[in-house]
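> Protein chains in written order, with the numbering used here: chain F, 1 to 199; chain A, 1 to 199; chain H, 1 to 199; chain L, 1 to 199.
Rather than coming from a laboratory, the hints here were simulated on the basis of the structure.
Fair warning: this is a prediction, and the values are worked out from it, not measured in the lab.
Possibly wrong hints are sitting among the right ones.
To be verified - Short, incomplete list of chain L residues facing chain F, as computed with Cβ under 8 Å:
(1) Ala17
(2) Trp92
(3) Leu96
(4) Gln102
(5) His103
(6) Ala170
(7) Leu172
Claimed, not checked - Just so you have them, the derived chain A footprint on chain F, three or more residues with Cβ under 8 Å:
(8) 28-38
(9) 47-60
(10) 69-81
(11) 84-92
(12) 142-150
Glycine is no exception: its CB is placed at the ideal position from the N, C-alpha and C atoms.
Protein chains: 4
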Amino acid sequence: MDTRRAEAFSDGVFAVAITVLVFNLLAINPPVLHYPDLTKAWPSYFAYVVSFLSIGIMWMNHHTMFGHITRVDRPVLVLNLFLLLAIVAIPWPTALVAKQLQHSGGAPAAVTYGLVMILISIGFAGLWIYTVRHAEKLGGQVEPETLRRSIPRFTGGLLAYVAGTIIAAAGLPVVALIIYGVLAVYYLFEHLPAPVEAA
Amino acid sequence: MDTRRAEAFSDGVFAVAITVLVFNLLAINPPVLHYPDLTKAWPSYFAYVVSFLSIGIMWMNHHTMFGHITRVDRPVLVLNLFLLLAIVAIPWPTALVAKQLQHSGGAPAAVTYGLVMILISIGFAGLWIYTVRHAEKLGGQVEPETLRRSIPRFTGGLLAYVAGTIIAAAGLPVVALIIYGVLAVYYLFEHLPAPVEAA
Amino acid sequence: MDTRRAEAFSDGVFAVAITVLVFNLLAINPPVLHYPDLTKAWPSYFAYVVSFLSIGIMWMNHHTMFGHITRVDRPVLVLNLFLLLAIVAIPWPTALVAKQLQHSGGAPAAVTYGLVMILISIGFAGLWIYTVRHAEKLGGQVEPETLRRSIPRFTGGLLAYVAGTIIAAAGLPVVALIIYGVLAVYYLFEHLPAPVEAA
Amino acid sequence: MDTRRAEAFSDGVFAVAITVLVFNLLAINPPVLHYPDLTKAWPSYFAYVVSFLSIGIMWMNHHTMFGHITRVDRPVLVLNLFLLLAIVAIPWPTALVAKQLQHSGGAPAAVTYGLVMILISIGFAGLWIYTVRHAEKLGGQVEPETLRRSIPRFTGGLLAYVAGTIIAAAGLPVVALIIYGVLAVYYLFEHLPAPVEAA
């Protein structure tokens, strides 16, 4: 089977997941709104921007990965499904962080965010490694060299999320959130192949 | 009419339905979050994963079924609509199971889940039987032999959901949920044609 | 411009609007669930099925209408936008009907439902009349005869919704809802061109 | 990379964002519904229509902009992502305006609406200026003259939103909302190239 419908389904899932983030903003609507209500909600804006950019970057990487193949088989569809399962969850830890950051619940919220990002990193790795190993069968033109070059970069992203999660668990959720934000911006301005992308 | 827009519409519906599942996770957000809040919500995670995989597998089967035809007529569109009607409902019994599993409301929740899955199984059967019977008119290359071979497998899936529903109604919702989970995993790793798919 | 992206955007809007209907079901989740809770929610199931089929039929008619043209201009996009504006609203009167039907709020709920359906009928008429009148410019093959034949059928649907709305306003919301349901089923099994479709 | 998946992803995001607006209507559902409940909710209907048309017009402009190019590069995808980030937020100030307009919270609500529209105007400008400047690399046929002609129009739209925001901040939210409504209608009936579009 060609990649067309797998891409259409994935595009749809990415589009809905990224738009669900607005529900965290919709929660900012007190019975009567005063200007301080808008400024004190800064964790919601910060979390919205970081998660939006993160999902957007993931879509770009997904786009690039599928650009390397022309056919999909059952394992690609299943690995893709596991990846989407973790990506669709992002609005949840985003909501936790937005709501809990200024309370004592900030640490478990930032840990949850980090755990979801770790799952996503593993999902991307699984899909990319399978794709590279079965490139010929999938009608792809990925060279083995590409995998070797992309692995260190991918491991770096995964390690940074692991580090952020540990820092959050140690009781520093704001530091962890800054790390997540820097990671999103880092990948945004990345002109070289992103961690899980081919050259 | 060709299958392009029917596939695009269906892909969109699958994508939204699978993403709506995250609203069950978004409900896990107490005023202040403590670590035990995250672990005791395990029925929500379990229900999220099982329903996500179930909808994903249904999309794969749908993908395969439409891969056998090149045109759609009015009955195909109507049968497809009835199938989507049942699939879109999945987030509801999922939310019931996630919330009620640890209470006395677990049995009716698991019964509802099973009833929706039975409706979906019937919907898939209806669409597939029509497709095979009118393969020539739909520009398809499905052989009659394919139907005969796929029917026992389909009946098996339907029967397993009926069994799970009865077990849930008998007051054993956790056993029923395990059966639903096993069914999702079974179809996930199915390398042979899935129940309602062609060879 | 060709019709590709206008169709993709419309398909997406239809897919999300039809899936938003599940939020009416998600509201059926009391603290502890008992079997009578499930049966007494029958207006929700009825409203879900009627609205799902209605939106699905509208998508089919939309599909057919765009099948007649190969290009879109600004007026087509604007008329299409007004049509989608009314269709996206459907989950709201559906929720009103589902919640109010067994209370004294049933009449205004069924009136609202009827008014939205009337707006949609007008939207379909506007788009279809413009399409037929500018068929040549839009690369279409719609014959003038098609318009003349389709107008009586369209007027019939619009008149039936007007009648249902008046009956609802007169204090008979259940009768109105049955009319809406019959209209949905009528169009579902319609093998001839639907009101706003070409032959 | 070609523009296909960037368009599909954007279409999906537009479709979901425009449909999320219905959640503001879904909030109109008191325990028992009386006719006055329906008429006094007029700010919700007004905000729904204005925001729906605004997002729809933005989609049309987006459609036209991408019609000028045949390839996308990383900066186009990133600029597109920032634009979508602001567009997806629209349902939030829409909900604020709908709920606060008849209370003292109307001014901050209308200011928030204006700020989001200003961000979107900047996002469109950024994407369009980049597109025109790198037209050759993107396989586009945009002439430099087009940019010069489109800039005054774009500045006009941005300035009108800035003016509306200032008027809202001065305590006249209804006047600001009328300006936003007029802007939406103005662009709707615009037969000349819209601010950020090419000829």
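> Classify the hint on glutamine 102 (chain L) as holds or violated, based on whether any CB of chain F lies nearer than 8 Å to its CB.
violated (11 Å)
> State whether the coverage of the region 84-92 of chain F by chain A holds or is violated, taking the criterion as 3 or more residues with Cβ-Cβ distances under 8 Å.
With 6 residues closer than 8 Å to chain A, the region 84-92 of chain F meets the three-residue bar; holds.
> Check, residue by residue, whether the region 69-81 of chain F contains three or more positions whose beta-carbon lies closer than 8 Å to a beta-carbon of chain A, and give the verdict.
holds (count 4)
> Please verify that hint: alanine 170 (chain L), Cβ, nearest Cβ of chain F, below 8 Å or not.
violated (13 Å)
> So, as I understand it, the hint says tryptophan 92 (chain L) touches chain F; can you test that by seeing if any CB pair is closer than 8 Å?
holds (4 Å)
> Verify the interface restraint on leucine 96 (chain L): the C-beta must sit less than 8 Å from at least one C-beta of chain F.
Check passed: Cβ of leucine 96 (chain L) comes within 6 Å of chain F, closer than 8 Å.
> Can you take a look at whether the region 142-150 of chain F is actually covered by chain A? Rule is 3+ residues, C-beta closer than 8 Å.
violated (count 0)
> Could you check if alanine 17 (chain L) really has its C-beta closer than 8 Å to a C-beta on chain F?
holds (5 Å)
> For the hint on leucine 172 (chain L), just tell me whether its beta-carbon gets within less than 8 Å of chain F.
Violated. Min distance 16 Å.
> Test coverage of the region 28-38 of chain F by chain A using CB-CB distances below 8 Å; three residues minimum.
violated (count 0)
> Count the residues of the region 47-60 of chain F with a beta-carbon closer than 8 Å to any beta-carbon of chain A: does the count reach three?
n = 0 at 8 Å, threshold three: violated.
> Hint check: is the beta carbon of histidine 103 (chain L) less than 8 Å from a beta carbon of chain F?
It holds, given that the least Cβ distance between histidine 103 (chain L) and chain F is near 5 Å, below 8 Å.
In this structure, the hints that do not hold are numbers 4, 6, 7, 8, 9, 12, in rising order.
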